[in-house]
Amino acid sequence: MSWTPELGLLLLLVIPLSGAVGVLALSHWPNLREAATLLTGAALLANVVMLVLAVDAGARPTLTLMSVAGGLSLNFTLEPLGAIFAALASALWLINSLYSIGYMRGNHAQDQTRFYLSFTIAIAAAMGVAASGNMFTLFIFYEALTLSTYPLVTHNGDEKARNGGRIYLTILMGTSIGLFLPAVIATHVLAGSTDFIAGGLLAGSITPAMASILLILYVFGIGKAAIMPVQNWLPNAMVAPTPVSAFLHAVAVVKAGVFTMLKMSVYVFGLDFMRTIPAAHWLAWIAAISIVLASLIALSRDNLKERLAWSTISQLSYITLGAMIATPLAALGAALHIIMHAWGKITLFMCAGAIYTARHITNVSGMKGLGKSMPWVFGAFLVGALSIIGLPPLAGAWPKLMLMMGATDPINRIFIGALVISSLLNVAYLLPIPVNAFFGKPDTKKGKLPTAPRLAVIPPLLTAAGTIVLFFAIGPIVDFLRPVFESGGIQ
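Each residue of the sequence shown is one higher than the one before, starting from 1 at the first, in this note's numbering.
Keep in mind that the hints are not guaranteed to be accurate.
As the list claims (entries may be wrong) - Quick list of the computed label-pair ranges, beta carbon to beta carbon:
hint	residue 1	residue 2	range
1	T4	S205	28 to 38 Å
2	D272	N31	51 to 61 Å
3	G204	H28	55 to 65 Å
4	P328	L38	38 to 48 Å
5	L190	N232	26 to 36 Å
6	L38	V469	17 to 27 Å
7	V21	Q110	21 to 31 Å
8	L147	S205	31 to 41 Å
9	L53	A109	31 to 41 Å
Just so you know, the hints here were simulated from the structure itself, not pulled from any lab data. Backbone N, C-alpha and C fix where the C-beta goes; we use that ideal spot for every residue, glycine too.
Take these sequences, add in the hints, and give me the full structure.
Spelled out as structure tokens, the structure:
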């Protein structure tokens with residue numbers, strides 16, 4: 001059977017689920033189990049690359065798995081925004097899987113088969129989110145992603161992990177069932193469909209007042225986007241092993257949230273209609289407040305993973321802000337931020353895990369002088385931090401620039417200030433970490449200091465290099481995404 005884009009859509013689920021079977025079957029042979037994980041990641045990435053090339057050539061592959069009562073269907077349709085999310089998640093999942101081997105072995109972690117099994121099921125759910133052809137399908141895989149990552153959050157099995165998992169599940173399931181699902185149902189009732197339509201499914205068919213109510217349900221129902229005040233699940237999920245934290249923040253979970261936010265604004269409401277919805281402007285204000293407030297909270301945290309978690313909450317709100325401003329340039333900046341933030345943030349989390357694996361240090365205040373014995377780790381951290389801050393020639397510079405350019409209308413100019421303040425706070429809570437590591441005085445000089453396993457050091461070096469490559473690859477990426485925001489993307 002020859003490969004076709006339609007077959008490629010099916011393989012987005014089949015490859016990782018087959019990998020899950022392989023992981024389970026090889027549970028007694030760790031080397032083979034982990035080889036199966038890496039082969040699954042490589043096969044998935046190869047399939048996604050072929051899908052991206054097909055979409056770039058103009059294809060919009062569609063596949064309906066099943067029809068449900070009331071005109072609903074489990075449907076996949078891949079357009080540029082979904083293709084870029086699938087490419088991002090599959091590439092970083094492969095690197096994170098390599099990192100997981102070094103981290104889990106270096107920390108002698110228990111239940112590694114369950115860990116890798118949950119990982120492969122979760123990436124299948126993320127692929128389903130990326131390729132969803134309607135909001136009904138997206139909701140199904142959005143929920144599957146929550147349920148499949150719950151065992152990862154609670155992996156350590158102690159009371160802290162169980163409590164973090166309860167908060168994780170309660171907030172994410174509560175917002176999705178209590179707000180997101182009613183929004184999907186209302187969309188189906190009002191439009192007779194939940195299909196993603198160029199220019200917006202609801203555009204011109206409902207009043208701005210009704211659209212405001214529906215938009216509020218969507219924004220706070222998409223809890224994975226972690227806009228305040230539904231953000232507490234994210235810092236509480238940091239009880240998980242660091243590869244899980246990296247997965248939550250960069251590969252799938254929060255990125256699935258902001259991806260859903262952007263798909264909703266582009267294909268359910270439409271950017272033109274979004275700009276007429278009264279609630280969109282004050283939701284943009286909430287996003288701007290989240291950007292600044294979460295940055296201030298990050299500045300106050302000494303635990304590195306907790307600091308990075310609050311940083312993510314701030315950075316995710318950049319994307320929600322772009323979706324609410326809803327100018328084509330702001331929305332494009334938001335889409336680019338999904339990509340660029342992921343590469344920078346996964347670098348920081350993997351560095352945090354490498355530091356913990358080598359020294360069992362979790363607090364920023366205990367990392368002074370460590371850069372002399374862990375130069376590669378803190379060098380990668382510095383590059384990732386500079387990308388998050390938004391300095392060229394690193395990937396994070398482009399989305400911030402485009403978000404600011406997209407907010408130049410008089411009604412939106414105030415939001416440029418929030419982006420500038422956040423960038424300055426990024427400097428304040430990120431740069432002292434590598435600076436003190438390289439130039440600070442270490443707490444101890446006794447004996448030979450341990451180093452992190454190579455498989456916990458090489459992956460953050462790869463993603464740090466990726467932030468540089470992506471800065472110079474911006475032209476093709478923008479050309480690939482531009483049709484989404486100029487014409488809706490699905491033709």
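We went through each hint and held it up to the structure:
1. At about 35 Å, the CB distance of T4 to S205 agrees with the hint of 28 to 38 Å.
2. A hinted range of 51 to 61 Å for the beta carbons of D272 and N31 is consistent with their spacing of about 55 Å.
3. Between G204 and H28, the C-beta spacing of about 60 Å keeps the proposed range 55 to 65 Å intact.
4. In this structure the supplied range 38 to 48 Å holds for P328 paired with L38, their Cβ-Cβ distance being about 39 Å.
5. Checked against the hint of 26 to 36 Å, the C-beta distance between L190 and N232 comes to roughly 32 Å, which is consistent with it.
6. A beta carbon spacing of about 22 Å between L38 and V469 agrees with the range 17 to 27 Å that was offered as a hint.
7. Our hint of 21 to 31 Å for V21 and Q110 holds, since their Cβ atoms are close to 22 Å apart.
8. Taking 31 to 41 Å as the suggested C-beta distance range, the pair L147 and S205 conforms, at roughly 33 Å.
9. Distance hint check: the CB atoms of L53 and A109 are about 37 Å apart, consistent with the given range 31 to 41 Å.
Of the hints listed earlier, there is not a single one the structure fails to meet.
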